[in-house]
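J.: These are the residues of each chain, in order.
Protein chains: 2
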Amino acid sequence: MLRLVPLVAGWVLPVGPTAAQLNQVRAWPLGYGGLLPWRAATGSAGGGWRPVLKTPKGTRDHPPAHTALRDRLLAAVVTCFKRHGAAAIDTPVLELRETLMGKYGEDAKLIYELQDQGGELLALRYDLTVPFARYLAMNKITNMKRYHIAKVYRRDNPATTRGRYREFYHCGMWFAEPKYLSCARSLCCFFCPQDFDIAGQFDPMIPDAECLKIVHEILSDLQLGDFLIKVNDRRILNGIFAVCGIPESKFITTCCTVDKLDKVPWEEVRSEMVEEKGLSPEAADHIGEYVQLHGGLELIERLLQDPKLSQNKLAKEGLGDMKLLFEYLTLFGITGKISFDLSLARGLDYYTGVIFEAVLLQQENERVEEPMSVGSVAGGGRYDGLVGMFDPKGRKVPCVGVSIGIERIFSILEQRMKASGEKVRTTETQVLVATPHKHLLAARLKLISELWGAGIKAEMLYKKDPKLLKQLQYCEDTGIPLAAIVGEQELTDGVVKLRDVATRVEVDIPREKLVDEIRRRLEP
Amino acid sequence: MLRLVPLVAGWVLPVGPTAAQLNQVRAWPLGYGGLLPWRAATGSAGGGWRPVLKTPKGTRDHPPAHTALRDRLLAAVVTCFKRHGAAAIDTPVLELRETLMGKYGEDAKLIYELQDQGGELLALRYDLTVPFARYLAMNKITNMKRYHIAKVYRRDNPATTRGRYREFYHCGMWFAEPKYLSCARSLCCFFCPQDFDIAGQFDPMIPDAECLKIVHEILSDLQLGDFLIKVNDRRILNGIFAVCGIPESKFITTCCTVDKLDKVPWEEVRSEMVEEKGLSPEAADHIGEYVQLHGGLELIERLLQDPKLSQNKLAKEGLGDMKLLFEYLTLFGITGKISFDLSLARGLDYYTGVIFEAVLLQQENERVEEPMSVGSVAGGGRYDGLVGMFDPKGRKVPCVGVSIGIERIFSILEQRMKASGEKVRTTETQVLVATPHKHLLAARLKLISELWGAGIKAEMLYKKDPKLLKQLQYCEDTGIPLAAIVGEQELTDGVVKLRDVATRVEVDIPREKLVDEIRRRLEP
Numbered sequence: 269m270l271r272l273v274p275l276v277a278g279w280v281l282p283v284g285p286t287a288a289q290l291n292q293v294r295a296w297p298l299g300y301g302g303l304l305p306w307r308a309a310t311g312s313a314g315g316g317w318r319p320v321l322k323t324p325k326g327t328r329d330h331p332p333a334h335t336a337l338r339d340r341l342l343a344a345v346v347t348c349f350k351r352h353g354a355a356a357i358d359t360p361v362l363e364l365r366e367t368l369m370g371k372y373g374e375d376a377k378l379i380y381e382l383q384d385q386g387g388e389l390l391a392l393r394y395d396l397t398v399p400f401a402r403y404l405a406m407n408k409i410t411n412m413k414r415y416h417i418a419k420v421y422r423r424d425n426p427a428t429t430r431g432r433y434r435e436f437y438h439c440g441m442w443f444a445e446p447k448y449l450s451c452a453r454s455l456c457c458f459f460c461p462q463d464f465d466i467a468g469q470f471d472p473m474i475p476d477a478e479c480l481k482i483v484h485e486i487l488s489d490l491q492l493g494d495f496l497i498k499v500n501d502r503r504i505l506n507g508i509f510a511v512c513g514i515p516e517s518k519f520i521t522t523c524c525t526v527d528k529l530d531k532v533p534w535e536e537v538r539s540e541m542v543e544e545k546g547l548s549p550e551a552a553d554h555i556g557e558y559v560q561l562h563g564g565l566e567l568i569e570r571l572l573q574d575p576k577l578s579q580n581k582l583a584k585e586g587l588g589d590m591k592l593l594f595e596y597l598t599l600f601g602i603t604g605k606i607s608f609d610l611s612l613a614r615g616l617d618y619y620t621g622v623i624f625e626a627v628l629l630q631q632e633n634e635r636v637e638e639p640m641s642v643g644s645v646a647g648g649g650r651y652d653g654l655v656g657m658f659d660p661k662g663r664k665v666p667c668v669g670v671s672i673g674i675e676r677i678f679s680i681l682e683q684r685m686k687a688s689g690e691k692v693r694t695t696e697t698q699v700l701v702a703t704p705h706k707h708l709l710a711a712r713l714k715l716i717s718e719l720w721g722a723g724i725k726a727e728m729l730y731k732k733d734p735k736l737l738k739q740l741q742y743c744e745d746t747g748i749p750l751a752a753i754v755g756e757q758e759l760t761d762g763v764v765k766l767r768d769v770a771t772r773v774e775v776d777i778p779r780e781k782l783v784d785e786i787r788r789r790l791e792p
Numbered sequence: 269m270l271r272l273v274p275l276v277a278g279w280v281l282p283v284g285p286t287a288a289q290l291n292q293v294r295a296w297p298l299g300y301g302g303l304l305p306w307r308a309a310t311g312s313a314g315g316g317w318r319p320v321l322k323t324p325k326g327t328r329d330h331p332p333a334h335t336a337l338r339d340r341l342l343a344a345v346v347t348c349f350k351r352h353g354a355a356a357i358d359t360p361v362l363e364l365r366e367t368l369m370g371k372y373g374e375d376a377k378l379i380y381e382l383q384d385q386g387g388e389l390l391a392l393r394y395d396l397t398v399p400f401a402r403y404l405a406m407n408k409i410t411n412m413k414r415y416h417i418a419k420v421y422r423r424d425n426p427a428t429t430r431g432r433y434r435e436f437y438h439c440g441m442w443f444a445e446p447k448y449l450s451c452a453r454s455l456c457c458f459f460c461p462q463d464f465d466i467a468g469q470f471d472p473m474i475p476d477a478e479c480l481k482i483v484h485e486i487l488s489d490l491q492l493g494d495f496l497i498k499v500n501d502r503r504i505l506n507g508i509f510a511v512c513g514i515p516e517s518k519f520i521t522t523c524c525t526v527d528k529l530d531k532v533p534w535e536e537v538r539s540e541m542v543e544e545k546g547l548s549p550e551a552a553d554h555i556g557e558y559v560q561l562h563g564g565l566e567l568i569e570r571l572l573q574d575p576k577l578s579q580n581k582l583a584k585e586g587l588g589d590m591k592l593l594f595e596y597l598t599l600f601g602i603t604g605k606i607s608f609d610l611s612l613a614r615g616l617d618y619y620t621g622v623i624f625e626a627v628l629l630q631q632e633n634e635r636v637e638e639p640m641s642v643g644s645v646a647g648g649g650r651y652d653g654l655v656g657m658f659d660p661k662g663r664k665v666p667c668v669g670v671s672i673g674i675e676r677i678f679s680i681l682e683q684r685m686k687a688s689g690e691k692v693r694t695t696e697t698q699v700l701v702a703t704p705h706k707h708l709l710a711a712r713l714k715l716i717s718e719l720w721g722a723g724i725k726a727e728m729l730y731k732k733d734p735k736l737l738k739q740l741q742y743c744e745d746t747g748i749p750l751a752a753i754v755g756e757q758e759l760t761d762g763v764v765k766l767r768d769v770a771t772r773v774e775v776d777i778p779r780e781k782l783v784d785e786i787r788r789r790l791e792p
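Residue numbers (the numbering used here), protein chains in the order written: chain A, 269 to 792; chain B, 269 to 792.
Warning: the hint list may mix true and false statements.
Each pair may be met inside one copy or between any two copies, as identical chains are not told apart.
[Said to hold, decoys possible] Calculated cross-link-like contacts (lysine-lysine; reagent style BS3-like; alpha-carbon spacing at most 30 angstroms):
#: 1; residue 1: K738; residue 2: K584
#: 2; residue 1: K781; residue 2: K350
#: 3; residue 1: K325; residue 2: K531
#: 4; residue 1: K664; residue 2: K325
#: 5; residue 1: K738; residue 2: K605
#: 6; residue 1: K581; residue 2: K732
#: 7; residue 1: K781; residue 2: K584
#: 8; residue 1: K605; residue 2: K725
#: 9; residue 1: K738; residue 2: K576
Simulated from the structure, these hints should not be mistaken for lab results.
Bear in mind that the values here come from a model prediction, so they are computed numbers and not experimental data.
Can you make the complete structure from the sequences, with help from the hints?
T.: This is the structure in structure tokens:
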């Protein structure tokens with residue numbers, strides 16, 4: 269079952285003809301391609317202002333069914349972040365341009381800049397990491413575990429079918445992490461996270477292990493299917509490059525090329541190294557021997573004995589910490605889904621230690637109409653240098669963090685629900701207050717007010733004299749489980765007829781016991 | 269007690285010396301004035317890039333204590349919106365410039381525009397209403413109850429001490445409402461709402477009454493002190509202007525002037541009418557006789573008998589509906605806090621019927637260090653024409669909605685907490701996993717993993733061998749109620765020492781019963 273854990277009992281509507289009628293009231297437009305921009309025939313000719321009915325390219329509206337699904341997704345992620353003791357922060361969508369400039373390398377051209385309308389020069393945030401680093405430096409915070417869920421903006425070429433938008437949610441929990449920095453590849457592979465970070469000087473690998481545990485918990489909770497978390501360390505990669513004779517100035521660009529190994533075969537990566545990046549064929553081959561390796565503890569042990577790598581200080585440090593990390597992950601009981609993968613590079617300037625990325629594994633028997641590749645759904649790593657870039661004295665704050673690719677996970681769930689015909693309830697209404705005949709609006713208003721006062725989620729139709737059938741149909745269409753019906757007879761008898769919408773069984777309940785009875789019926 | 273209803277048991281920390289130490293780890297900067305922009309001494313001289321440590325003017329970061337408080341505030345509002353059966357939608361922060369242009373009158377100059385970087389011309393949304401109207405028209409939706417919580421952007425002159433920012437939350441539930449439109453006054457009086465709207469053709473005043481009920485519920489739930497909801501109807505105002513001989517072209521501008529009556533005495537309003545707006549002194553006096561009236565049902569009845577007003581079709585309609593509204597509000601039992609106030613105008617172009625605004629009433633015995641005027645904290649009204657502006661065929665969708673002024677309410681709560689020294693817990697951690705001596709990191713990792721697996725919110729210090737005192741101090745500082753301590757003895761005995769942080773009582777619990785015992789202890 270590839271289904272979100274229901275966070276609110278009964279939020280998944282049964283599939284059936286009644287659910288289909290839902291579309292009338294609450295639309296479920298899964299794409300927004302159905303409505304083409306509408307314009308007056310001539311551009312600026314004198315016909316007066318005519319509306320253009322569209323959202324900006326690369327953005328979309330989220331109708332109730334989307335929003336309900338995404339809210340549940342976000343809630344599941346936040347629940348995990350809170351379980352790990354993170355506090356939430358929020359920073360403005362707008363940053364000074366100079367805060368963002370010089371942080372994203374060649375991707376800086378994707379930053380949305382605001383028009384100079386007098387005053388400060390501003391831009392829309394590109395990720396949550398640089399604002400977090402600015403926040404830590406500005407407030408001289410050296411120690412923090414925080415999560416942040418917010419939208420970020422990139423003038424990327426949208427590929428909306430694969431969950432790539434220009435506006436998307438970032439959310440995660442980290443310790444000040446510089447993701448998505450200078451390499452276009454990294455932008456493509458992973459770009460819509462929630463962030464969790466831990467900043468501070470701690471004993472090695474303890475917060476790093478927790479970040480991996482968080483990814484494991486979230487992907488397990490969401491029941492997205494089988495997944496694998498690839499782990500590597502920038503120090504190991506840099507050590508490999510060094511022992512293969514690559515000059516330090518080419519480490520980053522070589523990283524970017526290595527990072528393509530999950531998409532293209534080694535031969536292509538090799539030829540890019542030699543032909544585009546100017547590495548010698550021998551050096552490329554040498555790198556190839558290392559970066560095609562993946563495994564677990566035994567691979568770490570083997571590399572620790574490697575005659576060349578064991579002589580390199582960086583690689584030795586990285587491998588030692590990787591061993592420690594695997595020990596902690598063993599205690600957490602999650603090594604089954606962890607792969608030490610030397611091809612993982614995440615091509616970003618600022619990673620300084622452990623890096624990781626989670627991918628969903630394709631399932632043969634998956635019943636999805638249009639299977640799609642969504643790339644990685646979570647990732648992160650250690651970035652100990654970014655905060656120092658903002659500190660006047662360059663004081664460093666070691667950070668490690670994880671981002672969850674909400675937009676991509678959402679795209680997967682969206683596709684699956686579309687394929688299965690499953691609907692999400694968009695409201696949480698528990699009771700519809702109804703009347704069986706005319707002239708009873710006052711009775712409905714009085715009863716619904718009592719229910720609201722008791723905290724019951726209740727609706728009524730905004731008609732003076734709605735037909736009973738219409739009222740009951742509304743319950744079926746929107747998934748309301750109960751109807752509280754008051755007619756003349758019920759008013760005289762001091763009761764309310766409580767109807768179970770699914771079974772159609774009706775029972776008279778004394779008015780003073782109605783709230784308790786509703787609560788009892790709705791208990792999980 | 270002016271305190272938020274605790275949404276999570278125990279989220280308010282006790283006041284005391286231990287709570288003060290919290291500041292070390294998690295800052296509580298109530299303003300952001302403490303950190304001046306930091307710059308290299310010379311502007312563009314060749315010293316290389318130096319960081320400017322500030323957020324854009326009119327925006328601020330929200331540290332954990334802010335975010336926790338605001339999340340709870342938002343949760344309380346959303347709970348109410350959901351209780352009334354609203355679905356959530358989300359729209360992009362960016363809109364096409366032409367979607368926004370022509371909707372905000374002279375306030376259009378406050379719209380943040382994006383630089384022309386090729387492609388579409390974009391702007392940041394100014395409110396949630398115009399995007400909602402665009403959404404309804406674009407998706408041809410004629411019937412919807414929705415809420416929306418999101419930030420909006422205005423290049424206003426920030427008055428941050430009174431809760432006025434350039435970035436702030438809008439959230440409400442409405443039926444497509446054009447607030448904040450053409451009159452600067454309205455921008456000042458109320459500008460940071462959450463939105464709830466009901467769109468659709470319904471029987472008169474039923475959704476309108478629900479909007480007022482929602483405002484009443486939210487302000488009661490938040491325990492902000494005494495409040496009053498002023499209600500009026502644009503048709504009544506227009507009727508008054510008509511019978512006073514004002515030409516229709518001056519209705520809106522006269523509205524703007526009338527709307528100042530809650531801030532300045534009638535004499536000033538009168539002289540603005542005569543000297544600036546060009547009304548005759550007689551007409552102004554005549555208007556003055558009406559707009560200084562306020563009351564309840566008896567005033568409505570009196571005006572329905574008014575020889576002039578009763579002859580005006582618009583006024584008669586408005587008064588008839590106002591009477592109906594009061595009937596419904598009586599059934600809801602909330603007329604005690606409702607005032608039919610003829611001076612309420614909300615000076616916006618697009619209101620077409622009922623308008624309302626909630627204000628907090630100053631309390632004599634309020635123990636606030638710096639009492640502040642925050643203006644209205646909620647408002648809204650009926651706007652039946654806005655959606656039609658976006659529809660190619662001009663089809664109208666009647667709408668009514670309410671906005672809650674989150675930023676202003678937040679400012680009040682912030683001031684009150686500052687004055688009382690009360691702290692908000694920024695995390696929800698239930699248990700700290702601790703060890704009493706060295707070499708027990710593995711035991712902590714194993715135990716915390718078990719607790720996370722059982723859904724318990726647990727933390728541990730990221731040190732290999734932390735001192736027990738430091739671990740217990742961390743519990744006190746951050747409000748963690750329980751510590752689960754494992755030492756060699758406990759491991760041998762198969763127990764965990766569960767410590768109640770407040771009472772310091774420790775009990776050995778068999779390991780297999782630990783999760784149940786923690787749950788039992790934390791039951792509300």
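J.: Does each hint fit the structure? Answer for all of them.
T.: Hints, one by one, checked against the model:
Taking the closest pair of Cα atoms, K738 and K584 never come within 30 angstroms of each other, the shortest separation being 72 angstroms inside a single copy and 33 angstroms across copies. Only between protomers do K781 and K350 lie at most 30 angstroms apart by alpha-carbon distance; the minimum there is 23 angstroms, versus 37 angstroms within a single protomer. Taking identical chains as interchangeable, the C-alpha atoms of K325 and K531 lie at most 30 angstroms apart only when both belong to the same chain, with a minimum of 27 angstroms there against 44 angstroms between chains. Only between protomers do K664 and K325 lie at most 30 angstroms apart by alpha-carbon distance; the minimum there is 27 angstroms, versus 39 angstroms within a single protomer.
Taking CA atoms no more than 30 angstroms apart as the test, K738 paired with K605 passes in neither setting, with 52 angstroms inside one copy and 34 angstroms between copies. Proximity of K581 and K732 under a CA criterion of 30 angstroms is satisfied inter-copy only: 23 angstroms between copies versus 80 angstroms inside one chain copy. In this assembly of identical chains, the alpha carbons of K781 and K584 never lie at most 30 angstroms apart, being 71 angstroms within a copy and 43 angstroms across copies at closest. In this assembly of identical chains, the alpha carbons of K605 and K725 lie at most 30 angstroms apart only when taken from different copies (23 angstroms versus 42 angstroms within one copy).
In this assembly of identical chains, K738 and K576 lie within 30 angstroms of each other by CA distance neither inside one copy nor across copies; the values are 78 angstroms within and 43 angstroms between.
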